[in-house]
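Asker: Given the sequences, and given the hints that come with them, work out the whole structure.
Here is how the chains run, residue by residue.
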Amino acid sequence: MSARIAAALFMSHVPAIGVASDLGKTEEPYWKPLFDGMQPARDWIAANPPDVVILVYNDHGNAFSLQMIPTFALGMAPFYEPADEGWGPRPVPTVEGHPALSAHIAQSVIPAGFDLTLVNEMTVDHGLTVPLTMMFDKPDAWPCKVVPLAVNVVQHPTPSGRRCVELGKALRAAVETFDDDIIVQIWGTGGMSHQLQGARAGLINAEFDNRFMDDMINNPEVLAEVPPVEYLREAGSEGIELVMWLIARGSMADLAGGGSPGEVHRLYHVPASNTAVGQLVLENGTVTA
Amino acid sequence: MAIEKPYLDIPGTIVFDADQARLGYHLNQFAMSLMNADNRKRFKADEDAYLDEWGMTHEQKQAVVDRDFNRLLALGGNIYFLAKIGATDGLSYVQIVSSMTENDADQHAAMMIAGGRSVDGNRYLHEWEDRP
Numbered sequence: 015m016s017a018r019i020a021a022a023l024f025m026s027h028v029p030a031i032g033v034a035s036d037l038g039k040t041e042e043p044y045w046k047p048l049f050d051g052m053q054p055a056r057d058w059i060a061a062n063p064p065d066v067v068i069l070v071y072n073d074h075g076n077a078f079s080l081q082m083i084p085t086f087a088l089g090m091a092p093f094y095e096p097a098d099e100g101w102g103p104r105p106v107p108t109v110e111g112h113p114a115l116s117a118h119i120a121q122s123v124i125p126a127g128f129d130l131t132l133v134n135e136m137t138v139d140h141g142l143t144v145p146l147t148m149m150f151d152k153p154d155a156w157p158c159k160v161v162p163l164a165v166n167v168v169q170h171p172t173p174s175g176r177r178c179v180e181l182g183k184a185l186r187a188a189v190e191t192f193d194d195d196i197i198v199q200i201w202g203t204g205g206m207s208h209q210l211q212g213a214r215a216g217l218i219n220a221e222f223d224n225r226f227m228d229d230m231i232n233n234p235e236v237l238a239e240v241p242p243v244e245y246l247r248e249a250g251s252e253g254i255e256l257v258m259w260l261i262a263r264g265s266m267a268d269l270a271g272g273g274s275p276g277e278v279h280r281l282y283h284v285p286a287s288n289t290a291v292g293q294l295v296l297e298n299g300t301v302t303a
Numbered sequence: 298m299a300i301e302k303p304y305l306d307i308p309g310t311i312v313f314d315a316d317q318a319r320l321g322y323h324l325n326q327f328a329m330s331l332m333n334a335d336n337r338k339r340f341k342a343d344e345d346a347y348l349d350e351w352g353m354t355h356e357q358k359q360a361v362v363d364r365d366f367n368r369l370l371a372l373g374g375n376i377y378f379l380a381k382i383g384a385t386d387g388l389s390y391v392q393i394v395s396s397m398t399e400n401d402a403d404q405h406a407a408m409m410i411a412g413g414r415s416v417d418g419n420r421y422l423h424e425w426e427d428r429p
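The listed protein sequences correspond, in order, to chains A and B. Residue numbers for the first sequence follow our numbering, so the first one is 15 and each next one is one higher. Residue numbers for the second sequence follow our numbering, so the first one is 298 and each next one is one higher.
Since the hints were derived computationally from the structure, they do not count as laboratory data. It is possible that part of the hints are untrue.
[What the hints assert, rightly or not] Take a look, some chain A residues computed to stay more than 12 Å from chain B by CB distance: (1) P29; (2) D36; (3) G38; (4) D50; (5) N76; (6) P107; (7) G111; (8) D154; (9) L281.
[To be verified] Below, a sample of chain A positions facing chain B; criterion: calculated Cβ distance under 8 Å: (10) M15; (11) K152; (12) P153; (13) H170; (14) S251.
[As the list claims (entries may be wrong)] Covered stretches of chain B (chain A as the covering partner; in silico rule of three or more C-beta atoms under 8 Å from a C-beta of chain A): (15) 312-325; (16) 354-360; (17) 414-420.
Quick caveat: nothing in here was measured; it's all calculated off a predicted structure. From the three backbone atoms N, C-alpha and C, an ideal C-beta is built for every residue, glycine too.
Answerer: Have a look at this one:
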């Protein structure tokens with residue numbers, strides 16, 4: 015038996031969602047609709063728990079300064095501590111890694127043409143810990159292991175949508191050759207539309223976001239060709255984070271001749287602080303013609 | 298041959314590319330240093346002296362002292378690093394973000410609850426030509 019990718023999940027990683035959870039504000043009128051909206055995803059994952067999540071996210075100037083800017087950085091460590099982002103570290107559990115799967119991915123994906131940077135020591139910021147909170151609430155320990163994959167979407171040029179889809183395909187091949195009978199999920203995080211800088215700050219584009227989710231489900235190969243400037247113009251300067259969803263989508267079976275994804279959850283909510291929140295849960299290859 | 302930058306005609310937006318990063322390296326590294334509590338303390342005690350420890354231009358130092366975030370973006374700052382200056386001042390993200398716009402923090406938060414800033418009329422520089 016080998017590992018398999020059971021599902022791909024997609025969601026924003028807005029820091030304010032983490033703060034709302036940490037400070038117990040989830041029943042307040044501002045936050046309640048969003049947290050209620052995420053409950054079906056939490057119910058689903060409780061019934062379909064992963065052994066390991068490959069969590070695609072970006073660091074926001076916390077683990078990485080501008081001293082070095084890896085385009086794709088794979089975490090290799092047994093543990094990752096939550097970063098102090100300037101307001102103190104989030105009061106969430108230490109993230110446990112899966113070094114054997116990380117090593118296997120490195121040995122499979124780099125020869126396939128993706129020159130990953132391998133990171134043995136790093137902290138993880140809200141980009142990684144907020145999605146865990148969104149799916150698992152406030153446990154004493156996270157219920158799965160995590161392999162972090164940090165993508166540079168802070169300094170342009172970022173990787174293209176096509177590059178991200180192709181990396182996802184290479185990750186699928188890596189997981190499926192890992193000789194351990196484990197259930198893996200791949201999560202693509204970030205977005206949706208938001209702009210945190212300049213006189214245009216506060217931009218939200220619900221039409222773009224919803225079309226993006228439609229295409230994420232049905233037309234990923236078309237989405238792969240969307241140029242970075244379209245994200246910047248239509249979804250705001252920080253909306254470029256959405257390319258990371260394409261890594262998770264690229265790992266799904268339909269792009270390798272298998273069944274189509276089965277949609278089990280879809281949420282769209284505006285706002286969380288300055289940002290539009292999207293969340294999708296797609297089971298892998300469950301729909302056959 | 299020059300690299301084509303189609304994102305230069307988005308209004309009210311400075312895309313942080315490798316050229317901006319080159320201009321802003323020391324500015325952003327200074328901002329990054331404020332993640333450390335001792336550094337925050339030293340910066341607050343004497344901003345000018347602390348800024349002089351970094352290889353920043355006079356313009357960049359002045360824009361930090363002025364907390365002029367739009368100017369800092371133009372001079373090579375990146376918002377995730379600049380936000381650490383705001384955090385040192387005890388500001389929230391909404392306060393930092395709104396300071397770059399026509400709105401104050403309350404107006405900005407209300408705009409977000411109402412669905413945010415529309416993309417219509419905000420895609421291209423020429424759409425902003427008539428703005429004051």
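Asker: Hint by hint, say whether it matches the structure.
Answerer: Structure-based check of all given hints:
1. P29: Not fine: 7 Å to the nearest Cβ puts P29 of chain A too close to chain B.
2. D36: About 15 Å separates D36 of chain A from the closest Cβ of chain B, which puts it past 12 Å; holds.
3. G38: 18 Å, holds
4. D50: 17 Å, holds
5. N76: For N76 of chain A, whose nearest Cβ neighbour in chain B is about 7 Å away, the distance does not exceed 12 Å, so it is violated.
6. P107: 22 Å, holds
7. G111: 23 Å, holds
8. D154: The claim stands: D154 of chain A keeps its Cβ more than 12 Å from every Cβ of chain B (closest is about 27 Å).
9. L281: Given that every Cβ of chain B is farther than 12 Å from that of L281 of chain A, nearest at about 16 Å, it holds.
10. M15: Violated: closest Cβ of chain B sits about 42 Å from M15 of chain A, beyond 8 Å.
11. K152: 22 Å, violated
12. P153: 26 Å, violated
13. H170: Hint holds; H170 of chain A Cβ to chain B Cβ min 4 Å, cut 8 Å.
14. S251: Given a least distance of 5 Å, the restraint on S251 of chain A holds.
15. 312-325: Since three or more residues must qualify, the claim that chain A covers the segment 312-325 of chain B holds, with 7 doing so at under 8 Å.
16. 354-360: violated (count 0)
17. 414-420: With 5 residues close enough to chain A, the hint holds.
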